[in-house]
Amino acid sequence: MTSLPPKPFFTIFPHILFLLLHILYVSSFSAFSDHTSSATSISGTTASAAESKITGGTSPCINWIGITCDNSGSVTNLILESSGLRGRLYDFNFSSLPNLLILDLANNSVSGTIPSRIGNLSKITELNLCYNDLTGSIPSEIGFLKSLNKLALCRNLFSGSIPREIGKLTSLSILLLSENNLTAGAIPDSIGNLRNLSFLHLFQNQLSGSIPSSIGNITMLIEVELNENSLTGPIPSSFGNLRDLSLLYLWGNKLSGSIPQEIGLLESLYELGLSGNDFTGGIPCSIGNLTNLSVLYLFRNQLSGPIPSSIGNMTMLNDLDLSQNNLSGLIPFSVGNLRNLSFLYLVENNLSGCVPSEIGHLESLLQLGITVNKLHGPLPLEMSNLTHLKVLDLSYNEFTGHLPRGLGHEGVLKIFAASHNYFSGSIPESMKNCTSLHRLRLDWNQLTGNISDDFGIYPHLDYVDLSYNNFYGELSSKWGECRNMTSLKISNNNVSGEIPPEIGKATRLHLIDLSSNHLQGTIPTEFGGLKLLYNLTLSNNHLSGVIPSHIRMLSSLQILNLASNNLSGSIPKQLGECSELLLLDLGNNKFTESIPQEIGFLHSLQDLDLSCNFLAHEIPWQLGQLQMLETLNVSHNMLSGLIPSTFKDLLSLSAVDISYNHLEGPIPNIKAFHNAPFEAYRDNMGICGNASGLKPCNLPRSSITIKRKGKKLVVLIVLPLLGSLLLVFAVIGAFFILRRRARKRKAEPGNIEHDQNLFTILGHDGRLLYENIVAATEDFNSKYCIGEGGYGTVYKAVMPTGQVVAVKKLHQSQTDKLSDFKAFEKEVCMLANVRHRNIVKLYGFCSHVKHSFLVHEFVERGSLRMIITNEEQAIELDWMKRLNVVKGMVGALSYLHHSCSPPIIHRDITSNNVLLDLEYEAHISDFGTARLLMPDSSNWTLFAGTFGYTAPELAYTMKVTEKCDVYSFGVVTIEVMMGRHPGDLISSLSSPASSSSSSIPLIAQHALLKDVLDQRISLPKKGAAEGVVHIMKIALACLHPNPQSRPTMGKISSELATKWSPLPKPFCTITLVDLFANACS
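For the sequence shown, the positions run 27 to 1107 when my numbering is used.
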C-alpha cells in the first residue's frame, strides 16, 4: 500500500484547517464540489451546508497532505490516517469519488455505521478504517468492491456476522477484521474463494462455530490469526495445504479433537500457537518436520502421551511451552538438540523420570520451568552450563540430591524456585553473590547449612521462602540490607540466636514468618518502622520479654501470631490501635494481668487466641463488640467472673473455648456456645446453660434472696389454708380417678395394646413434629428416599420452618424389639445430648403404631462411600480433603470413647456411616446400633456391624469393645486413601502369618505405597504426602489382629495433633513394608 507516514498532529493541523476553510468558502472547480462536500461530512458538517458556501478557489490536489489526484484532476487517494478526524461516514457521498483507489481513515474518531453506498467505490483497491469507533454490521454491499486488494476494519466496534459476500472479493490479499465484536454465526465458508489472500486476521472477536475447511483452499496464505474467539471443533486437515503459511494462531478458543498429522506439512511455519483450547490426544510426531519453527505454544490443553522425540528436529525453536497438559513419560534426550532455545516450559504435566543430561546443551536458555510434575532423581551436573538462566523453576517434583552447582554465578538469575522437593545439602556458594535475585523459593526441602553464611545481600530481592528445611545458625543482619524485600519466610528450621534488629531497615516488608525455630531474645522494637507489614508470625520459638508498645505503629497488620513463646508481662493496650487485625494469637506464653479492653476495638478481628497464659480478672465486656469474630480461645488462664452479656452479639462466632478458668454463670445464648463440646467449658467455677455437659441455670440470686426473705410469710399464710384445702383436693382427685377408670373399661382392648405413641424430640412438640415429618415425606414416599441400611430407610424431610432433617424409618423388625419404651426413651435422650462437630446430631425418636423413626441432622454431600465410588466426586476429594475426613472421624470417635460418660461404642463404623458436609467435613452417623457401655462391665451382644469392617475377634467372641471401633476406623481410613475397600490388604493382615511381628504380609513385601493409593488423583505432594504416610501408618496399626495392640482413639487423636515428621526417603519409594514395620513397632 502506498501511503504517507503518520505526522504529528501539530504539523498537519494547518493543512487540515486550510482544507476545511477551502471547502467552506473557496472552490472554482465544479468537478470538486462533490468531493469537498464529502470531506465536510467527515468533519461533521453536512454536504448541503458546504455546497451553499462554494464560491471558487484553487485545486485541492495541489499541496494538500493526504490527497492524491490523477492527471485529470480526479481524487484517487484519500489518506488521512491519524489526522484527528471526527464525524460519521453516513453522509459521505461515495458516488462522487468514482476513481478513488485508496481510502485510508485509520486511527481517527470516525463513528457510526458503514453505509451501504460504500459499494459505489467500484475501483477501490485499499480500504482502511482500522482504529476508529465504527459500529453496526459490515454491509453486504462490501462484496461489490471486486478490485479490493486490502480490507482493514480492525479495532472498531463492529458486531453481527462476517457477510458471506466477502467471498466475492477474489482480488483480496489482506483481510483484517480483528478486535471487534463480531458474534453472529461462524466464519463463512465462502472465505475459501479468496485464493489470493495472504493475511487473514480475525482475532479478538466472538466468532463461534467450526473453522471452515475451505480455508485450506487459500494456498497463498502467509498469516492466519483466529485466536481469542469461541471457535469449536477440530483443526481441519485441509490446513495441510497451506505450504506457505508462516504464522498460525488458533489459541484462546474452544477447539477440540486431536492436532492433525497434516500440521507437519506446514514446513514454512515460523510461529504456531494452539494454546488455551481443549485439544486431546498426543502431540503428532510429524510436528518434528517444522524445522523452521521458532515459537511453539501448546500449553493449557488436554494433550496426553509422551513428548515426541522428533521435537529435537526443530533446531530453530526459540520458545517451547507445553505446560498445563497431561503429558507423561520422560523428557526426551533429543531436547538437547534445541541449541537456540531461550524459553522452555513443561509446567503442570505428569512427566516422570530424571532430567536428561542433554539439557545442559541448551546454553542459550533464559527461562526453564518444569514445576508440578513427577520428575525425580538428582539434577544432572550439566545444568551448571546454563549460565544465562534468568528464571529456573523446579518446584513440586520429587528431586533429590544437591541444588545445581554454580547456579547464578553469572549474576543474571532473577527467579529461582525449587520448593516441595527432597533436595538436600547446602546452598551453592555461587548463590551468595547472585545480586540479581528477585525471587527465591526453596521451601519444603531437606536443605542444610549455616544460614548466617549461605546468603548475601540481594538489593533486588522481593520474595524469599526458606521454610521447612534444616537450616541452622543465626539470622544475619544482611537481610536488612535487602531493601526491596516484601516477604521473608524462614519458618520450621533450626535457626537460633536473636532476631537482628537490622531487619527493621527492610521497610518494604509485608510478611515476616520466622515461626517454629529456636529464636531467643526479644521482639525488636525496630519492627515498629515496618509500616507495610501485614503478617508477623514468630510463633513456636523461645522469645521472651514483652510485646513492644511500638506494635501500634503497624497500622497495616492483619496477622499477629506470637504463640508458643516465653513472652511475659501484660498484653499491651496499644494492640487496640492495629485496627486491621484479622488474627491475634498470643497463646502459650506467660502473659499476666487482665485482657486489655482495647482489644475490643479490633472490629475486623476474626480469630482471637489468648489461651495458656496467666491472665486474670474478668473478661472485658468490650470483646462483645468483635462482631466479625469467628474463633475465640481464652482457655487455661485464671479468668473469673461472669461471661459478659455482650457476647450475645458475637453472631459470627463458630468456635469457642473458655475451659480451665474460674468463670461462672450462664453461657451466652448464641449458637457457638450452644454447639461447643463439654471440653470447651470444663474446669470452671460454675458455668451453666443449654450446652453439652452443662447444668441448666437456676434462677438469678436476687430472686432466690427474695424468696428466702418471704419464706416465713408464705408458711404463715399457707399452713392454715393447707389443711382445709387438702380434704377438698382429695375428694376431687378421687372423683376424676374413678371417672377415668370407667372410660377405660369402655375402650376396645386392641386399641389399648397398640396405642403406645412415644415422642422423644428434644425441644419440640413430638406429636406435631410427627405429623410434619409424615406430611413432608408424603407418608414416606420413595421419591424422598436418600439411602437404605440394615436397620431402616433414610428420607429427606423439609420441615415447615425450612429446616432439613434426615429421617430414618425403622424396619418393622426393629420396632418390634422396642418392648421397654421407657428404657429406650432414656437411651435416646442420652444419645441426643451427644454433641460434637463431627457427629451427626440425633434430634430424637418417634414411635407410632404406623411408623417409627429416628430424626437426625441432614448432611449435604451424603456418604463417604457414595463420593469415593463416584469418579467425578472422588477426583474433587483431593488429598488434603481426605486427610481432613480422617481427622474428623478421629475427633468423633475419640469423643465417643473418652469424653462421654458412660462411653459410647458405635459398633458400625463404615464408609456408609461417614457423611460429608459441603466443606467436606466428616460427620459420624447412624446410632441405630450404638449401645451405651458402662465401664468395667462386659458388653456381650449379637453380631453387630457390617461385613468387611468388623474386627476379626467378633468371629469367635461376641464381646464388643472400643477396639472394635478402632479396627473399623482403620478399614475406613485405608478405604479413603485407596479409593476402594481394601479387601485384599485386610485379608493379608488378618492371616495367621501376619499376626507375628516377625512376619510381614505378602501383599506388603514389594508393593509401593504410591501404587496402592487412589490412582484417580495425582500423587500427594510435600505436606499432603507426609500426612498420607502418617495416616497410613496409624491405619495399619488399627488393623492389628490383637485388639490390645491397637491404639486407642485418644492416642490417635494426640498423634494427629502433632506436626507430621519429614519423610525419611522420597515418597515414590516408600513401600507398605516401611509402613507396616513402623505400625507394628
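Quick caveat, the hints were computed from the structure, so don't treat them as lab data.
Even for Gly, the Cβ is constructed at its ideal location relative to N, Cα and C.
There may be inaccurate statements among the hints.
[Said to hold, decoys possible] Here are the simulated DMTMM-like cross-link-like pairs (lysine to aspartate or glutamate), alpha carbons at most 20 Å apart as the crow flies: (1) Lys1036 / Asp539; (2) Lys913 / Glu945; (3) Lys913 / Glu902; (4) Lys697 / Asp633; (5) Lys557 / Glu606; (6) Lys149 / Glu205; (7) Lys907 / Asp805; (8) Lys515 / Glu500; (9) Lys172 / Asp159; (10) Lys599 / Glu619; (11) Lys876 / Glu945; (12) Lys1085 / Asp539; (13) Lys400 / Glu374; (14) Lys822 / Glu883.
[What the hints assert, rightly or not] If you anchor each label on the Cβ, the simulated ranges turn out as follows: (15) Arg112 / Gly186: 21 to 31 Å; (16) Leu944 / Ser187: 39 to 49 Å; (17) Phe640 / Tyr498: 24 to 34 Å; (18) Thr533 / Gly138: 35 to 45 Å; (19) Met246 / Arg1006: 34 to 44 Å; (20) Asp479 / Leu944: 49 to 59 Å; (21) Ser808 / Gln623: 25 to 35 Å.
Each hint tested on the structure:
The hinted pair formed by Lys1036 and Asp539 fails the criterion: a straight-line CA distance of about 33 Å is larger than 20 Å. At most 20 Å may separate the alpha-carbon atoms for a hinted pair to count; Lys913 and Glu945 meet this at roughly 14 Å. Annotation: proposed proximity of Lys913 to Glu902 holds, straight-line Cα distance about 18 Å (limit 20 Å). Note on Lys697 and Asp633: the hinted pairing holds, with a Cα-Cα distance of about 17 Å set against a maximum of 20 Å.
The hinted pair formed by Lys557 and Glu606 meets the criterion: a straight-line CA distance of about 12 Å does not exceed 20 Å. Our distance criterion of 20 Å between C-alpha atoms is broken by Lys149 and Glu205, whose separation comes to about 27 Å. Between Lys907 and Asp805 the alpha-carbon distance is near 37 Å, which puts this suggested pair outside the 20 Å criterion. Distance check on the hinted pair: Lys515 and Glu500 sit about 14 Å apart at the alpha-carbon level, within 20 Å; holds.
The hinted pair formed by Lys172 and Asp159 fails the criterion: a straight-line CA distance of about 26 Å is larger than 20 Å. For the given pair, Lys599 sits about 12 Å from Glu619 by alpha-carbon distance, which is consistent with the 20 Å threshold. The suggested pairing of Lys876 with Glu945 is violated, with an alpha-carbon distance near 37 Å, which exceeds 20 Å. A distance of roughly 17 Å separates the Cα atoms of Lys1085 and Asp539; the hinted pair therefore holds under the 20 Å criterion.
Restraint check for Lys400 and Glu374: the C-alpha separation of about 9 Å stays at or below 20 Å, so the hint holds. At roughly 10 Å between alpha-carbon atoms, Lys822 and Glu883 fall within 20 Å of each other, so this suggested pair holds. Checked against the hint of 21 to 31 Å, the pair Arg112 and Gly186 passes, with Cβ atoms roughly 24 Å apart. Here the CB-CB span from Leu944 to Ser187 is close to 44 Å, well matched to the stated 39 to 49 Å.
Here the CB-CB span from Phe640 to Tyr498 is close to 32 Å, well matched to the stated 24 to 34 Å. One distance hint, 35 to 45 Å for the beta-carbon pair Thr533 and Gly138, is violated here, with the actual separation near 55 Å. The given range of 34 to 44 Å is broken by Met246 and Arg1006, whose C-beta atoms sit roughly 58 Å from each other. Taking the beta carbon of each, Asp479 and Leu944 are about 50 Å apart, inside 49 to 59 Å as hinted.
For Ser808 and Gln623, the Cβ-Cβ distance of about 59 Å falls outside the hinted range of 25 to 35 Å, so the restraint is violated.
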